[in-house]
Amino acid sequence: MTEMTGAKALITSLEKEGVDVIFGLPGGANLPIYDALVDADFRHILVRHEQSAAHMADGYARVKRKAGVCFATSGPGATNLITGIATAYADSSPMIAVTGQVPLGMIGKDAFQETDIIGVANPCTKYAFQPRTAVEIPEMVKKSFYIAESGRPGPVLIDIPKDVQQSTADINFPDLIKVRGYNPIIDPDLANVGKAVELLLAAQKPIIMAGGGVILSGAFSELQALAESVMAPVVTTFKGKGAFPENHPLAMGPIGMHGHPEANRIILEADLIIAVGARFSDRSVGRFDEFGKGMNIIHMDIDPAEIGKNKSVDLAIVGDVKSSLRTMVKMISKKVTKRGFENEWLKRRKELIDYYSETLKDYPREITAKKSLKKLRELLPPESIVTTEVGQCQMWASLHFDVISPGTFFSSTGLGTMGFGFPASIGAKAARPDVSVVDIAGDGSFNMTENSLAVSVIEKLPVIVFLLNNYMLGMVAQWQRTFYDRRYMGVEQHNCPDYVKIAEAYGANGIRVETMSELEKAINSALRSELPTVIDIPIDPDEDVFPFVAPGTGLKDMITGA
Amino acid sequence: MSIIEPRSKHLHIISSLVENKPGVLFRITNLFRARNFNIESITVGTTEQPDLSRMTITTKIDEYTLDQLIKQLRKLIDVVEVKQLDIDNTVYRELALIKMQATDSATKMEITNYASVFRANILDIGKKSITVEITGTPDKIDAFKNLIEHYGIVEMARTGVSALLRGN
Numbered sequence: 005m006t007e008m009t010g011a012k013a014l015i016t017s018l019e020k021e022g023v024d025v026i027f028g029l030p031g032g033a034n035l036p037i038y039d040a041l042v043d044a045d046f047r048h049i050l051v052r053h054e055q056s057a058a059h060m061a062d063g064y065a066r067v068k069r070k071a072g073v074c075f076a077t078s079g080p081g082a083t084n085l086i087t088g089i090a091t092a093y094a095d096s097s098p099m100i101a102v103t104g105q106v107p108l109g110m111i112g113k114d115a116f117q118e119t120d121i122i123g124v125a126n127p128c129t130k131y132a133f134q135p136r137t138a139v140e141i142p143e144m145v146k147k148s149f150y151i152a153e154s155g156r157p158g159p160v161l162i163d164i165p166k167d168v169q170q171s172t173a174d175i176n177f178p179d180l181i182k183v184r185g186y187n188p189i190i191d192p193d194l195a196n197v198g199k200a201v202e203l204l205l206a207a208q209k210p211i212i213m214a215g216g217g218v219i220l221s222g223a224f225s226e227l228q229a230l231a232e233s234v235m236a237p238v239v240t241t242f243k244g245k246g247a248f249p250e251n252h253p254l255a256m257g258p259i260g261m262h263g264h265p266e267a268n269r270i271i272l273e274a275d276l277i278i279a280v281g282a283r284f285s286d287r288s289v290g291r292f293d294e295f296g297k298g299m300n301i302i303h304m305d306i307d308p309a310e311i312g313k314n315k316s317v318d319l320a321i322v323g324d325v326k327s328s329l330r331t332m333v334k335m336i337s338k339k340v341t342k343r344g345f346e347n348e349w350l351k352r353r354k355e356l357i358d359y360y361s362e363t364l365k366d367y368p369r370e371i372t373a374k375k376s377l378k379k380l381r382e383l384l385p386p387e388s389i390v391t392t393e394v395g396q397c398q399m400w401a402s403l404h405f406d407v408i409s410p411g412t413f414f415s416s417t418g419l420g421t422m423g424f425g426f427p428a429s430i431g432a433k434a435a436r437p438d439v440s441v442v443d444i445a446g447d448g449s450f451n452m453t454e455n456s457l458a459v460s461v462i463e464k465l466p467v468i469v470f471l472l473n474n475y476m477l478g479m480v481a482q483w484q485r486t487f488y489d490r491r492y493m494g495v496e497q498h499n500c501p502d503y504v505k506i507a508e509a510y511g512a513n514g515i516r517v518e519t520m521s522e523l524e525k526a527i528n529s530a531l532r533s534e535l536p537t538v539i540d541i542p543i544d545p546d547e548d549v550f551p552f553v554a555p556g557t558g559l560k561d562m563i564t565g566a
Numbered sequence: 139m140s141i142i143e144p145r146s147k148h149l150h151i152i153s154s155l156v157e158n159k160p161g162v163l164f165r166i167t168n169l170f171r172a173r174n175f176n177i178e179s180i181t182v183g184t185t186e187q188p189d190l191s192r193m194t195i196t197t198k199i200d201e202y203t204l205d206q207l208i209k210q211l212r213k214l215i216d217v218v219e220v221k222q223l224d225i226d227n228t229v230y231r232e233l234a235l236i237k238m239q240a241t242d243s244a245t246k247m248e249i250t251n252y253a254s255v256f257r258a259n260i261l262d263i264g265k266k267s268i269t270v271e272i273t274g275t276p277d278k279i280d281a282f283k284n285l286i287e288h289y290g291i292v293e294m295a296r297t298g299v300s301a302l303l304r305g306n
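If you read the protein sequences in the order shown, they are chains D and S. Every number in my numbering is 4 more than the matching position in the first sequence, counting from 1. Every number in my numbering is 138 more than the matching position in the second sequence, counting from 1.
Rather than coming from a laboratory, the hints here were simulated on the basis of the structure. Heads up, the beta-carbon is just placed ideally off N, CA and C, and yes, glycines get one too. Heads up, a few of these hints could be off.
Here are the in silico distance ranges between beta carbons for each label pair [unchecked claim]: (1) S/D277 - D/D174: 40 to 46 Å; (2) D/D318 - S/E287: 46 to 52 Å; (3) D/K297 - S/E219: 32 to 38 Å; (4) S/N176 - D/D174: 25 to 31 Å; (5) D/I181 - S/N176: 34 to 40 Å; (6) S/E219 - D/D438: 25 to 31 Å; (7) D/S533 - S/N176: 44 to 50 Å.
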């Protein structure tokens, strides 16, 4: 027991959880917390907008696979965090958001900068706490980390009234906590794994569909071992992109709305799908009723509520996919000797890849999104981390940027938050300062959080903004072209702003490129720079993302070109 | 003739134990709203353990939605236990207070007679109204309500269902 303030109890609790960096912005209702931060043992990174604080914490969390922490004040500070919290929730990213709140006696009085943030955050948090006394804080912090990081990860909010931060009490830091209503299942049911192995070995054309769960649990080597033990091609969901090295001889890339054509095609021809840490989202599977029709589907996931939610399956294995995969591989290795690459199914894989690489035409320009991304892949060290914004840039990244080192590609795949990629890349850089970090951006998204350039410069977290710039809300424009007879509305950016000048105004490098050789030079100089670099890559506003599975249609209805 | 109609085919009763603390009911009802789960009734009250409340939910939904509702409920941190009760092995009751128009003594006598057949109690008699308390399964209460509806219901309050599994 030590006498201290609630604010100090919070900071000490965070130190005990091993927190090394916090992203935040102070205000009236969290001043006591900021005062306690002065003596804290970890780094505080001041953001320019709270939304970016949440995205930075999210980017940090995805790289570290442990909770990222962000701070905001009450009212607008807290509501500004919400987009970032909802993004983390949709992508199951662990996060602790700490908000200030008006003093207890003022709650419910519509006080200045008062928002019922517990109520607002409820649908997009795993849990939310509001301590009413300082002594509750250490236990709540410990529970928050446990809830955020275990099971299916997600964001947890701690909303602390200002007088609770200020009040002094005898504080005790618990070593053990128990949350009786929360018992995530880690190890799978062995009988079910046994059944899955039988189905898998009986299948002639098995396919593995790897989702974000593989990345969240770091089950990369286990996934690879499974694929190689049964010689099954591996497709991923978009969230699962990079769960499996995309240069591996079994890799097929992401399926879905803007999936790789060969991946969308081969999954229609399989006789068994084993979904690993995936949730059959509409974006990935197109139509729920058509997907996997007539095939056996095995679903592995840590969240029991995902079983049967979008797709009824033949067999479910609930548990951490790392543990489930490990058990599965062990069982398989006892039953079969290793299979070779020489079989009809893998020949078909090769055939499809060759067919589409010959069929799909490149957009006829000196610089295109596709060529730029291929060049980036060529020059970027494999262990570099890549984030993306949302829209065409994101889907081009999915199609044309191969992830080689597993778990190095992060995007707002569930919520689809424009403005995620840049602050997330800064968070990623804070987590891994030793590797290069690139945000594959579009101009529309970059506009939303570009003021994080200040953070990138001042905090010496240099990242590369790879700006595929068509001065358009390109994906919306593509849909208006495709579905609304080219009746453009609200998509043009009118060559504004000048991104080189924007970068320079913040003290960062800005480079505009006109040719592929200039792009190559720009990437190389950005990789060497101690400063963040915005590479402005002008692309044609008419360049579409293809292939494309239109909403409401099935993967078989994929459109491969205009 | 049975005065209690057979129970509805698709009525499901879900019994759950939840943390007895502020905000729990909000989290649960917000979940129902967000995921479009329709429920017939929800009751909350204390249990033999002071830190736990029992929440009884009745709903008429298909099996798929029921499965999702139970799984999503279990996912909530404040929900400690969720059970679907087998209606054939469950005792369940609801209480209703019904205030009816009854201006003359003949009507009052008729309603009193019906009430006694349904083992309902007369709680209050005014100059122009009579108030009845009835306990039973929702179907029994519906049956009584249908019977006396033509007198004119002034106000009605139903509690929703409370339920427990039968003992061994």
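| request: Against the structure, test the hints numbered earlier, and report the numbers of the ones violated in rising order. | output: 1, 4, 6, 7
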